[in-house]
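Novice: When you get a sec, could you build the whole thing from the sequences and use the hints?
Those sequence lines, one after another, are chains A and B. The first sequence begins at 61 in our numbering and counts up by one. The second sequence begins at 139 in our numbering and counts up by one.
Hint data in this document are derived by calculation from the structure and do not stem from the laboratory. Since we're looking at a predicted model, the values are computed, not measured. Check the hints yourself; a few may be wrong.
As the list claims (entries may be wrong) - Think about it this way: if two alpha-carbon atoms lie no more than 25 Å apart in a straight line, the pair counts; the simulated SDA-like pairs of lysine to any residue are:
id, chain 1, residue 1, chain 2, residue 2
1, A, K293, B, K384
2, A, K67, B, V332
3, A, K293, A, L196
4, B, K384, B, L172
5, A, K67, B, V310
6, A, K293, B, G368
7, A, K67, B, T333
8, A, K67, B, L226
9, A, K67, B, G325
10, B, K384, B, E187
11, A, K293, B, V288
12, B, K384, A, V200
13, B, K411, A, V169
14, B, K384, B, D173
15, A, K280, B, L166
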Amino acid sequence: MTGRQKKQLWHALHTALILIAMFVMLVPSLWIFLAAFKSHVDVYQLKLFFTPTLENFGVVFDDPYRLGEKLYNSTIVAFVTVLFAIPIATLAAYSFSRFSLRGETLMLVTILATQFVPAVVIILPFFVMFRDIGLLDTRVGLILVNLAIVMPFAIWMIKGFIDGIPMDTEEAAMVDGSSRLQVIRNIVLPMASPGLLTSAIFCFIIAWNEFLFALILTNKEAVTLPIGLALFKGEEGDLWNLLSAAGIIIMAPMFVLALMIRKYFVQGMTMGAVR
Amino acid sequence: MPAVLVVFATAIWPLIEAARLSFTVGRLNRPGSLDQYLGWENYTWAFFEEPAFWNSVWVTGVYTLLTVGLTTICALGLALLLAPGGRLRSSAQTLLILPFAMSPALIGVSFRFMFNPEFGLFDAFFGVMIPPLADVSWLADPNLAFAVVVMADVWGWIPFLTLVLIGGLASVPRDTIEAAQVDGASGWRVFKDVTLPQLAPVLAVVIILKSIFSLKTFDQVFMLTNGGPGTATQTLSHYIYFNGMKYGQIGYSASVAWLMVIPMIFLTYAYAKFVFRKA
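Specialist: Next up, the structure:
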């Protein structure tokens, strides 16, 4: 074999491997996607071609499943969590980034460390407390614990973005007599806004996909979408077409959001990681 | 510093409270037992009287080793494959983000779907490739169920690790690689002697991060096998959940939870060291 042929063979092999890898990564979501449009009968066969139907989506929102309520809960919980987390985290991140505080490294490490504590550990006290003060199965309770997951993550991530903003403009404005808060509002916020948006989307995805807290803290009123999946375990086994339809409703918005921030994806994920 | 206070209230307080609970009788159905001091009995119970505890330690250990190893190797391979860039490769990188936006619970569900013995896609696939595996009830056999849980986890984490490693590969200077190639080093030699040492810090971070996540795996296990069959796939997180929430033994599960925090402290320390050395 000549060198040229060898090179071509390598190239073909690489392309094939990449295609296989892409296929493997996509198949599970694709299969769910297909199943969501299959009728009750078709889902139990490995058919690739079938008459698509929207029926499943209708059933899922109807009695007794009422996925609409869960969708509402998920949206409210994730949205309010982000609404509180981002402003507070921004202020904290700004202080960490711009002032040298005593014990700063220690504080940052502690904040990072809380991210790594297994959720099962901190959920036990929360459960007991919420039971005592009547926050079990409420959206407020869920928002509170979601803040616990999202905050450390948001602080680290936003700090990374603010660190990247040069300090000169800020100092110039301060010399001209602006106060610290004015500087933050007029200079830092506009410059950091892509970073803030990215962080907000990250936090939204985390809160949206959160499972364990919602599983333990809710049972009827405040149930979120991921927990709602369990509804479709019927007496005679799993109702796969409905499960898939619900799965699409959970996945689709997150896919869109993830694609929006794909440039910052890795950067964000290494700094604070999902609990 | 309101944020620090919030973090403190939502993360540190529960840790301390969990530690306190771990020394109490702590039964959900018995009022007052959450304040009833018990001493170290919960811990000695876990260590000496509960084979189920050791079982889940074993499951979690093997699970962590396997998932960390497999995910890292697969991700490294994929990263090397995708790093050069180009149209096909960058669209592949975009696709990699999608599985990561999928919630772990949903990954669990989809894998249960795929491994259904009657109409699962993977089952059909493996049945054709390896005939003895046709129509096997994957999730009913302890070893196979464990393998499926590992597969689901590896599948879910490859994208993220790959993207991180691609970032790491981008920082390996090209001229060193080219110099080695000019000197006549084979592809494998270049990888082993040039790329790998340069990539080592990123790899270390990736391995530590993945270990942390593997140790506390819960969502997929819960949706995929719920710890079963029997306790074949019961990870520590699942064991704690079961004892605390299903049996109401808050005190006992808090003590097991604290035992779980200890390896986390070491891993976090290692991670922080790497992150701050880079900064």
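Novice: Which numbered hints turn out to be false for this structure?
Specialist: Hint check: nothing fails, all pass.
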